[in-house]
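Protein chains in written order, with my numbering: chain A, 66 to 208; chain B, 9 to 520.
Bear in mind the hints are in silico, worked out from the structure with no lab data behind them. One thing to keep in mind: the hints can contain errors.
Quick list of in silico lysine to any residue cross-link-like pairs, SDA-like style, CA-CA up to 25 Å [as the list claims (entries may be wrong)]:
id: 1; chain 1: A; residue 1: Lys110; chain 2: A; residue 2: Phe174
id: 2; chain 1: A; residue 1: Lys127; chain 2: A; residue 2: Val88
id: 3; chain 1: B; residue 1: Lys278; chain 2: A; residue 2: Lys141
id: 4; chain 1: A; residue 1: Lys141; chain 2: B; residue 2: Gly309
id: 5; chain 1: B; residue 1: Lys278; chain 2: A; residue 2: Val78
id: 6; chain 1: A; residue 1: Lys147; chain 2: B; residue 2: Met305
id: 7; chain 1: A; residue 1: Lys147; chain 2: B; residue 2: Pro153
id: 8; chain 1: A; residue 1: Lys110; chain 2: B; residue 2: Lys278
id: 9; chain 1: A; residue 1: Lys147; chain 2: B; residue 2: Leu183
id: 10; chain 1: A; residue 1: Lys147; chain 2: B; residue 2: Lys278
id: 11; chain 1: B; residue 1: Lys278; chain 2: A; residue 2: Ile76
So the chains spell out like this:
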Amino acid sequence: MSGHSNWPEWIYVAVVIALMAWVGAEAWNAERIIEHIPEGAEVIKVTGQQWFWTFEYEDGTKTIGDLYVEVGKAYKFEIRSKDVIHSFNIHDYVVLMDAVPGRVNTVWFAPDAVGEHDIQCREYCGLIHYNMRGTLHVEEPST
Amino acid sequence: MVLELAKPRPIWQIMFSTHHTDIGLLYLITSLAFLFLGGSLALAIRIELFLPNVEGAGQLIADSMTFNRIFTVHGTTLIFLFIIPFASAVGNYFVPIMVRYKDMAYPKLNAIAFWMIPPAAALVWLGFADFTWYAQPPYSIISAPGPAADMWIFGLKILGVSSVLGAINFVITILKCKHPDMSIGQVPLLAWSFLVTSVIIIVAIPTFAAALLMLLTDRLGVSGFFNPAMGGDPIAYSHLFWFTFHPEVYVLVLPAIGMMYEIIPRFSRKPIYSYNSGVFAFVMLALVAFSSWGHHMFATGMSFTEKTVFMVGTLAAVPASAMHVFNFIATMWNGRIKFATPMMWAVGGIALFFAAGAGGVVNSAMPLDFSTHDSYWVVGHFHLFVMGTIAFASIGFVYYMFPYVTGRMYNETAGKIHFFLSFVGTILVFFTQHVLGLYGMPRRIYDYPPIPEWIAMNQIASVGAMIIGVSMAIFLVNIIYSSSKGKLADIHDPFGLGGKYYYPFEAKNPHH
Numbered sequence: 066m067s068g069h070s071n072w073p074e075w076i077y078v079a080v081v082i083a084l085m086a087w088v089g090a091e092a093w094n095a096e097r098i099i100e101h102i103p104e105g106a107e108v109i110k111v112t113g114q115q116w117f118w119t120f121e122y123e124d125g126t127k128t129i130g131d132l133y134v135e136v137g138k139a140y141k142f143e144i145r146s147k148d149v150i151h152s153f154n155i156h157d158y159v160v161l162m163d164a165v166p167g168r169v170n171t172v173w174f175a176p177d178a179v180g181e182h183d184i185q186c187r188e189y190c191g192l193i194h195y196n197m198r199g200t201l202h203v204e205e206p207s208t
Numbered sequence: 009m010v011l012e013l014a015k016p017r018p019i020w021q022i023m024f025s026t027h028h029t030d031i032g033l034l035y036l037i038t039s040l041a042f043l044f045l046g047g048s049l050a051l052a053i054r055i056e057l058f059l060p061n062v063e064g065a066g067q068l069i070a071d072s073m074t075f076n077r078i079f080t081v082h083g084t085t086l087i088f089l090f091i092i093p094f095a096s097a098v099g100n101y102f103v104p105i106m107v108r109y110k111d112m113a114y115p116k117l118n119a120i121a122f123w124m125i126p127p128a129a130a131l132v133w134l135g136f137a138d139f140t141w142y143a144q145p146p147y148s149i150i151s152a153p154g155p156a157a158d159m160w161i162f163g164l165k166i167l168g169v170s171s172v173l174g175a176i177n178f179v180i181t182i183l184k185c186k187h188p189d190m191s192i193g194q195v196p197l198l199a200w201s202f203l204v205t206s207v208i209i210i211v212a213i214p215t216f217a218a219a220l221l222m223l224l225t226d227r228l229g230v231s232g233f234f235n236p237a238m239g240g241d242p243i244a245y246s247h248l249f250w251f252t253f254h255p256e257v258y259v260l261v262l263p264a265i266g267m268m269y270e271i272i273p274r275f276s277r278k279p280i281y282s283y284n285s286g287v288f289a290f291v292m293l294a295l296v297a298f299s300s301w302g303h304h305m306f307a308t309g310m311s312f313t314e315k316t317v318f319m320v321g322t323l324a325a326v327p328a329s330a331m332h333v334f335n336f337i338a339t340m341w342n343g344r345i346k347f348a349t350p351m352m353w354a355v356g357g358i359a360l361f362f363a364a365g366a367g368g369v370v371n372s373a374m375p376l377d378f379s380t381h382d383s384y385w386v387v388g389h390f391h392l393f394v395m396g397t398i399a400f401a402s403i404g405f406v407y408y409m410f411p412y413v414t415g416r417m418y419n420e421t422a423g424k425i426h427f428f429l430s431f432v433g434t435i436l437v438f439f440t441q442h443v444l445g446l447y448g449m450p451r452r453i454y455d456y457p458p459i460p461e462w463i464a465m466n467q468i469a470s471v472g473a474m475i476i477g478v479s480m481a482i483f484l485v486n487i488i489y490s491s492s493k494g495k496l497a498d499i500h501d502p503f504g505l506g507g508k509y510y511y512p513f514e515a516k517n518p519h520h
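All chains, please: the whole structure from these sequences, using the hints.
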C-alpha cells in the first residue's frame, strides 16, 4: 500500500485516454465514409466455394478465378458462400469481406489504375485454402 | 518453499499427493513439456514456410492437411496445455503461501483439476484435428475429418471443466482462506492476478462449453445450430466462441503480469510504485475483457454500429494495460536494479507487451482492421502477447522459482544467453510477421506464391524461429542439468538481493 501521491500516473492515464479517443474518433469517421456505397455502383455477385471464386456480372456472364473490372467505375460486391466460410480479399485495394453461407455481405471499391492484382481467400477453409486465389484485371473503359 | 528434488521422494508420492506444491510441480513439469512439444510444431511450420513450394512439394511437410493439423495442434497446445497450466503451477506454489493458508481451499479438487489435463492432452494430440484452434463452423461441422475433430471437442471440454474447477479453488482460497489478519488490500498483486483471472474464467468459460456441445451435436447431425444447411448460423458460434476467448486473452495475460509484479520490485530492490493502481488496472481489465469480443469479427459483415461499439470496448483496454506498464517503469525508476536472468525476462516481456499493445490499437481501429484482418499481422500481433509477454514472464518466473523448487541454482550465463537469443528471435519472427501482414499474406496457408517480399520476410521469420529454437534447447539443458547438478542455492536469498526483499518462501506447508 503506497501512501505517496500518484499524480504522474493519472496525468499519463489521461494522455493515453485522450490518444485512444482521438484514434477512435478518426477511425469512426473514416469508416463512416468508406462504408457509403456510391449510387449506381455496378453489382458483381461473388461466390466462394471450396476452393475457387465465381464472379457473376450484371449482364449475367460468369467468370471463375478472374475478375474483370474497368477503371473509374464503382463496383459493389455481393459476397456469398456455397459451403464453408471464406474471406474475399483484394489486398491491394483493401477489399476484405467474409463469405458466410446463408448471408450476403457487401463491400465496394473503385479501381483507379489499369493493372492486375491478386485475389485470395483470407479465412481458413480447408485443404486448398492456401491456393484459393484469383486475379483482378482492371481494364480501360470499354466506351 | 519445498525442496522436491533436494530430498528425493518416490514419484508416486508426488503424483498421488493433494499438497499444493506437489500439484504445482506436476503442473510445472506438464506445462514445460508442452512448451517444448508445441514449440517444435512451430519450428516445423516455420521451416515449411521458409520457401514457397517447388513443383507442389513442401520443404518439410508433405501435404497441406498435415500442415493444417500441425498449426491447429500448435495453437491448442501452447494456449491450453502450456500457458494455462503454467499459470496454475505458479498459483499453486505461491497463492496459499501469499495468503498464509496451509494449502489450497479444496486439495482434492485441486488434484482432480490437474489430472483432467493428461487425458485431454492425449485426446488433442492423438486426434490431431485440422480446423484451427477456433473450430469455425460450418467447416468444423461439414468438412473437418473425424474422429480428430470430435476428439478435439472432447479434449477442450475436459480442459474447460478443469480450468473452472481450478478457478473456483483459487477464488475460495484467496477470499475465504486468507489469514484473518490480512485484509484483501494486503494480498500481493500476484495473488490478485489469480483472483481476477479466476473470476473471468468462471464467467466466460460456460459459454464456450455450451458452444462445444452444440458443435458436437451439429457434427452428429442431430442439430443445426451453426449449420446453415439446417437453418443455423455459423456467426452465432463466432459470438459464443469469442465471448469466451476474448476474456480468455486476459486469463492468459493477467497471471503473466502478476508474475512481473513479483519479479520487478524484488530485483529493483524497491516496493511496487503503486499497489492500488495495480489492483485497479487488474479489475478494469477484467471488466473491459467482456466488452471487446466482437473485434475478432469485424469482417463477418457486422453493422457499422456493432463495429463502433466493439472498437470503443477494445480501445478501453488500453489505458488499464498502460497503467501496468507505467507501474513497472516507475518501480524500476531509481531502483538498485540487479539484472539477473528473471529480471531480464520480465523487462524484455514489458517491452514486447508495449509493442504488442501498440499493434493492437491498429487492429481495433475499424478501417485499418480491413488491411490487417486474418493476415500475418494478426499472427505477429497475438504472438507478441503469448510469446513476447506471457511466455517471457513465465520463463522468467521459471528461473525465479527454480531455487525454491529444486534447492539449486540454474546456470546464470546460460540463462542470460537464453534470454538474448529468445529476445532477438522473437523480434525477428513477430515484428517481421506484422510487416508481412501489411503486404497481404493470409494466415494459415501451407504455400504461398513466389512474391519476392513475402519470400524475404518469411525467411527472416524462419531464421528468427531457429534462433528461438536454439535458445530453448539451452533452456532445457540448463534446467535439467541444474536441477540435479547445479550449485546449492541459499534459500533465504538465492539472488543475492538482501533477504528483506522476499516473502518467506522458505516457509513450507506440511505434507498431508
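Tested hints:
1. A:Lys110 - A:Phe174: Holds, at about 14 Å.
2. A:Lys127 - A:Val88: violated (41 Å)
3. B:Lys278 - A:Lys141: With Cα atoms ~61 Å apart, B:Lys278 and A:Lys141 exceed 25 Å; violated.
4. A:Lys141 - B:Gly309: Roughly 14 Å separates the two Cα atoms, so the pair holds.
5. B:Lys278 - A:Val78: holds (23 Å)
6. A:Lys147 - B:Met305: The hint holds at about 20 Å.
7. A:Lys147 - B:Pro153: holds (19 Å)
8. A:Lys110 - B:Lys278: violated (64 Å)
9. A:Lys147 - B:Leu183: Given that 25 Å is the threshold and the Cα spacing comes to 52 Å, the pair is violated.
10. A:Lys147 - B:Lys278: The given pair, whose Cα atoms are some 62 Å apart, is violated under the 25 Å limit.
11. B:Lys278 - A:Ile76: holds (23 Å)
The structure is inconsistent with the numbered hints 2, 3, 8, 9, 10, although it conforms to all the rest.
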